[in-house]
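Colleague: So the chains spell out like this:
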Amino acid sequence: MSVLAPLLALAAIAYIVVVLDGWLSTGRLRPFAPATAALGLLARESVVPRSPDRLFFETAPVLLLIAAVLAAAVLPLGPGLVIADLATGALFVNAAFAYVLVALLMAGWGPDGAYAMVGGWRFLGQTIAYSMLIVMPITAVAMRAQSLSTADIVRSQAGLWNVLYQPLGFALFFVAGMAVAFLPPFDLPTAPGELAGGVEAEYTGARLAVFRIARTVLVVSLATATTVFYLGGWLGPGLPPWAWSALKTLAVAAAMLELGHAVPRIREAHLLAWAWKAGIPLALLNIFLVGVLLLVLP
Amino acid sequence: MTGTPMSPLQLAFVAFFGLAAVWFALVVFRTSSMMRSALALLFSQTALGALFLALQAEFLGVLQIMMMATEMSIMAIFMVMFMMDPGGLGQMDMTHQKRLSILAGVIAAVAIAAVALLTPWGAPATTVPSPADQLQGLGRELLGRSMLVFETAGITILTAMVAATAVAMPAFERRRER
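Those protein sequence lines, which keep their order, are chains A and B.
Number 79 in our numbering belongs to position 79 of the first sequence; there are no gaps in the numbering.
Number 1174 in our numbering belongs to position 174 of the second sequence; there are no gaps in the numbering.
It should be emphasised that the hints constitute simulated quantities derived from the structure, not laboratory data.
The beta carbon of each residue, even a glycine, is placed where N, CA and C say it ideally should be.
Some hints could be false.
The following label-pair restraints were derived from C-beta to C-beta distances [as the list claims (entries may be wrong)]:
#	chain 1	residue 1	chain 2	residue 2	range
1	A	I66	B	A1132	39 to 45 angstroms
2	A	E45	B	F1029	54 to 60 angstroms
3	A	T204	B	M1083	28 to 34 angstroms
Chain A is faced by these chain B residues, among others (derived, beta-carbon under 8 angstroms) [said to hold, decoys possible]:
#	residue
4	G1018
5	M1035
6	L1042
7	A1054
8	E1058
9	I1077
10	M1092
11	T1126
12	V1128
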């Protein structure tokens, strides 16, 4: 039960996020569109490239899904409503997101295709830069909670949410989250219109369905992480805790998806320059500021 | 989790992940594909991380699993860049200096076995501190006795990174950016 409920919640939120994204970007509310799209993909022929590294090609979509689900497994949706309440939960989230990189490298290498290969290696540079901006803001969050347990992190925000306590960290984490989920404007590994789908290019049918589901779950995991680390998790007046978690996660996921529609894609070199030259100094400044606040404020 | 000696199930997991680590380490040398080789090494290290988790060293396990993913991915791109046949499709022999490497491997294995067998480890611990206590203990260690060691290592790595970046920048690019 304690495993099933969060998993179902994850699936439900992922479904709603896709419907919501379709509604906000096309203006048409089609509640069954994800289901019909999935059925369409499952029924389609699943073509395998001519000379793939079969092991990587098959593993990549599944590993991406596993990484996204594992990250969500340590994020609480309510008091006690978590699959695994680890004492090192905040670190575990990072560990899970690190395997998104491995999955995309596999997807890039596996099909033996030029576009996929370029996409995979692009994501390597992108993730190494931006996973720093996941880890370092979480450090500041853990400093305030004096714990790496995700439940303790939520409880530490009872007085004031971290989004107000450390807004710089929130901004960095949010942007880095979009980069790790390779959402536009950070969609360099897939880059529709330029790389013809990149790491996705050689996937068809059921494999593509798994890949797309995994990416959506990844967005939801990152949105849940943002909620837990910065928006007070399940905390809120009136509604039951799980409802607050769901609402906040939905809002963050929708914001991540919608922001991308309004911003042009950034060039790889510029993307990396921004991360290393601006992002990381700002993340260090954030840690310093939070440290000062912790010492000064009672 | 405290106060319990290792259960048979726990022992089985430790053995499983230990064997998995050894198996993937062998795979590293059995394949000619640089990508497979690098990721096999990754999964060998991940298995070690899982082994730490089975031994109730939660922080160490999670850290190992996290760090290795990016580290081995970086290694993969360097291996692909530097090898002539990164896909291993050309039937090229990737090994060299076999006698020397076997000798080095045997000496290292003997040294590790000697350390493992000859060190007076003391009686096996019957209790494990809770994961939160482990974290706190690690934090105190890093800010106490081990601080100098870690700071020295950190500064050394940073210096090497700055130097490597400076060397990698061609002179004409530096001029152009001015």
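Colleague: Hints first: check each against the structure and report whether it holds.
Modeller: Hints, one by one, checked against the model:
1. A:I66 - B:A1132: 39 to 45 angstroms: Since the Cβ atoms of A:I66 and B:A1132 sit about 27 angstroms apart, the hinted range of 39 to 45 angstroms is violated.
2. A:E45 - B:F1029: 54 to 60 angstroms: Given a distance of about 38 angstroms, which is not inside 54 to 60 angstroms, the answer is violated.
3. A:T204 - B:M1083: 28 to 34 angstroms: holds, 31 angstroms
4. G1018: violated, 20 angstroms
5. M1035: holds, 5 angstroms
6. L1042: holds, 7 angstroms
7. A1054: violated, 14 angstroms
8. E1058: holds, 5 angstroms
9. I1077: The hint holds - B:I1077 has a Cβ within 8 angstroms of chain A, the shortest such distance being about 6 angstroms.
10. M1092: At about 17 angstroms, which exceeds the 8 angstroms cut-off, the nearest Cβ of chain A leaves the hint on B:M1092 violated.
11. T1126: This interface hint is violated because 21 angstroms lies over the 8 angstroms limit.
12. V1128: For B:V1128, the interface hint is violated, since the closest Cβ of chain A sits about 12 angstroms away, which is over 8 angstroms.
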